[in-house]
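There are 2 protein chains.
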Amino acid sequence: MIKKYLLAPGPTQVPPEVLLRMAYPMVHHRAPDFGPVMEEISEGLKWLFQTRNDVLIMASSGTGAMEGSVSNFLSPGDKVITVNGGKFGERWGKICKAYGVNAIEIKVEWGESVDPAVIAGHLERDPSIKGVYVQASETSTGVAHDVKAIGEIVKSYPGTIFVVDAITALGVFDIRPDEWGIDILITGSQKALMLPPGLAFAGVNDKAWKMNETARCSRFYFDFKKERENLRKNTSAYTPAISLIIGLQYVLKMLKEEGLENIFARHKLLAAATREGIKGFGLELLPKSAPSDAVTAVKAPEGFDGQQIYKRLREIYGITAAGGQDHLKGKIFRISHMGYCDKFDVIIAISGVEMVLKEMGYPGELGSGVRRVEEVFIKD
Amino acid sequence: MIKKYLLAPGPTQVPPEVLLRMAYPMVHHRAPDFGPVMEEISEGLKWLFQTRNDVLIMASSGTGAMEGSVSNFLSPGDKVITVNGGKFGERWGKICKAYGVNAIEIKVEWGESVDPAVIAGHLERDPSIKGVYVQASETSTGVAHDVKAIGEIVKSYPGTIFVVDAITALGVFDIRPDEWGIDILITGSQKALMLPPGLAFAGVNDKAWKMNETARCSRFYFDFKKERENLRKNTSAYTPAISLIIGLQYVLKMLKEEGLENIFARHKLLAAATREGIKGFGLELLPKSAPSDAVTAVKAPEGFDGQQIYKRLREIYGITAAGGQDHLKGKIFRISHMGYCDKFDVIIAISGVEMVLKEMGYPGELGSGVRRVEEVFIKD
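Note that the protein sequences, when read in sequence, are chains A and B. Heads up, the first sequence is in my numbering, so the first residue is 197 and it goes up one at a time. Heads up, the second sequence is in my numbering, so the first residue is 197 and it goes up one at a time.
Some hints could be false.
Treat identical chains as interchangeable: a pair holds within one or across any two.
Below, simulated DSS-like cross-link-like pairs (lysine-lysine); rule was C-alpha separation at most 27 Å, straight line [to be verified]:
hint, residue 1, residue 2
1, Lys525, Lys422
2, Lys449, Lys484
3, Lys293, Lys200
4, Lys421, Lys495
5, Lys527, Lys242
6, Lys421, Lys525
7, Lys507, Lys452
8, Lys575, Lys290
9, Lys242, Lys449
10, Lys293, Lys406
11, Lys429, Lys200
12, Lys575, Lys303
13, Lys507, Lys429
14, Lys527, Lys429
15, Lys525, Lys452
Hints are computed from structural coordinates only; laboratory data are not their basis. In this text the structure is predicted, and so the values were computed from the model without any measurement.
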């Protein structure tokens, strides 16, 4: 018997009480008892997103909200900036290409965060740029981009929207769209929201809605305007993912009970402890700076295959972490501490890494990482 | 205490064992244990779709697969035929419009089925028509279109694909895409598949894939080619709706155990019994011919409001049926007998209708509908 520990950066662990809640008998989304559920989650999402604006809900994975953030606000031929500092930043560019949108891609070495001054420079040189598309937390590298600083810059361009993919950031660390000038903020259900995948969200402000009026890219299922009209009637344009919505209602209650400040503090502590544990065992982090509090990307030590570490964690110890993607494959492994995670998830992760690497012949001292984790926790 | 009975044409009842199965702890979709699940459901879907072709799986409601059936196979300016015999037929036209596709809409009175000869006529006059978009079962009216006869017609046009929305037909009655010349066959999870909403499916054949090569409509999330490439590696382009996939794996086992012939026979019997029960109580069906075995649309008797009937069924008896949509609102109500339904679901529905209408002053004889239902069942 090997117990299973899901420590990947999405899907993440779903609390058993949420799993059981979603086993609630099917209800009809047009029946009157579903309206109050929608109303409640609508309010709850505004709270979670720290926004006064509507937060749209779609039945899709997070990529659907990414696509909609392009197709609902731009026209073919429009120029935007995308930041490619990892797999998901790269995706912005692919989506733009699919819609005939001209993306100026700012390439950032995977593992580093974008320099806001570079974005400022582009905007100064070309104020016709219609949007800036960034990740708040780049899942593939464990790096956070400084969306507050970027928001400050984009704010002063009335014809430019700032779009932030917060799929592994929202509910992890503080993001204030209304204060920071984030015009579209998106997330998905399977990360800090502690739900299975299948829901995508987008908080959209008036600056973005204004651009929606003239945007000519094709769209139908991800029609944000139609979703907003429906949301305001406490319903949805198309059949919603009802069981996930029921789960969301419950999860929002759990999150509210904990409180945003505590949620952010918990993630900060777990992330710090993970990083200390990794370093305590003599390993190196991928991010040179600005590590995300959602996921920690660790360099595989010289001569060790990151995919082997990931594989052995799973096969020998039942821990599902994540490997590296594309050119980082084999070079890193990633451990999530996002969502339904607490102190012992970190202990498990670091302990698992210690045992696996030791078995692979790595010279680190067993327990040296765990000790540092414990030190962080008892100091807290 | 009022027990709840979900007899709407989607979402439909989900068997309790499936609900609990979906409470399975979250697994990671890129971890090796998920591949075999995908492989199994891939095979199971081919069986259910009665096709040799790949059946794509998307995290969305059925409308996503409808949209993808347009955007992946057509270019702006292309001409297609859409059959509008109800709310969902009308949707084809809206999707085409969103993509700049020129839809020749064949309007059919809501409650009637399309005359295949009309489609043949259009194709004869204009062989540049690239596609014919039809519902196998129009959920809003309870009418089945003769997709076998239409397929025979479209088959002989090598540059025209036949696209069938079988969202309330697949797993209800016999549809044979490979034999009947259906090039794209789509469905959703929340109907005869006895699952919550959140998954959409599309079976696509080579004739359609050939059109995909030159189709220039924008698409990203619903990129069928990318999904096929991933499906063949037992994975998906984007994070799948994992809990629903786990449920699907279980549901496919249940359906296989029952067998397609038995599934179709069960739906045929339940539909026939429902129709007899309705007529036995003196009510009239909306469909003049070709009623769908998925859902029965009933005319509200002269002087009675269909919405009131629907409302009272729910409030007094706990039965969630459905009302009419758009101009049929108030004129009809609809009872589903699709998916996880058996004989007593029909008894409950007819009995509920009898009591509600009697209470509203309708002169029918209590029990007269139920009697006819029982007669149908004991003769079977």
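We went through each hint and held it up to the structure:
no., hint, in the structure
1, Lys525 - Lys422, "between (40 Å within a copy, 21 Å between copies)"
2, Lys449 - Lys484, "neither (36 Å within a copy, 50 Å between copies)"
3, Lys293 - Lys200, "neither (40 Å within a copy, 48 Å between copies)"
4, Lys421 - Lys495, "neither (43 Å within a copy, 34 Å between copies)"
5, Lys527 - Lys242, "neither (39 Å within a copy, 39 Å between copies)"
6, Lys421 - Lys525, "between (39 Å within a copy, 25 Å between copies)"
7, Lys507 - Lys452, "neither (36 Å within a copy, 34 Å between copies)"
8, Lys575 - Lys290, "neither (45 Å within a copy, 60 Å between copies)"
9, Lys242 - Lys449, "within (13 Å within a copy, 41 Å between copies)"
10, Lys293 - Lys406, "both (23 Å within a copy, 22 Å between copies)"
11, Lys429 - Lys200, "between (42 Å within a copy, 24 Å between copies)"
12, Lys575 - Lys303, "neither (39 Å within a copy, 72 Å between copies)"
13, Lys507 - Lys429, "between (48 Å within a copy, 19 Å between copies)"
14, Lys527 - Lys429, "between (49 Å within a copy, 23 Å between copies)"
15, Lys525 - Lys452, "neither (38 Å within a copy, 40 Å between copies)"
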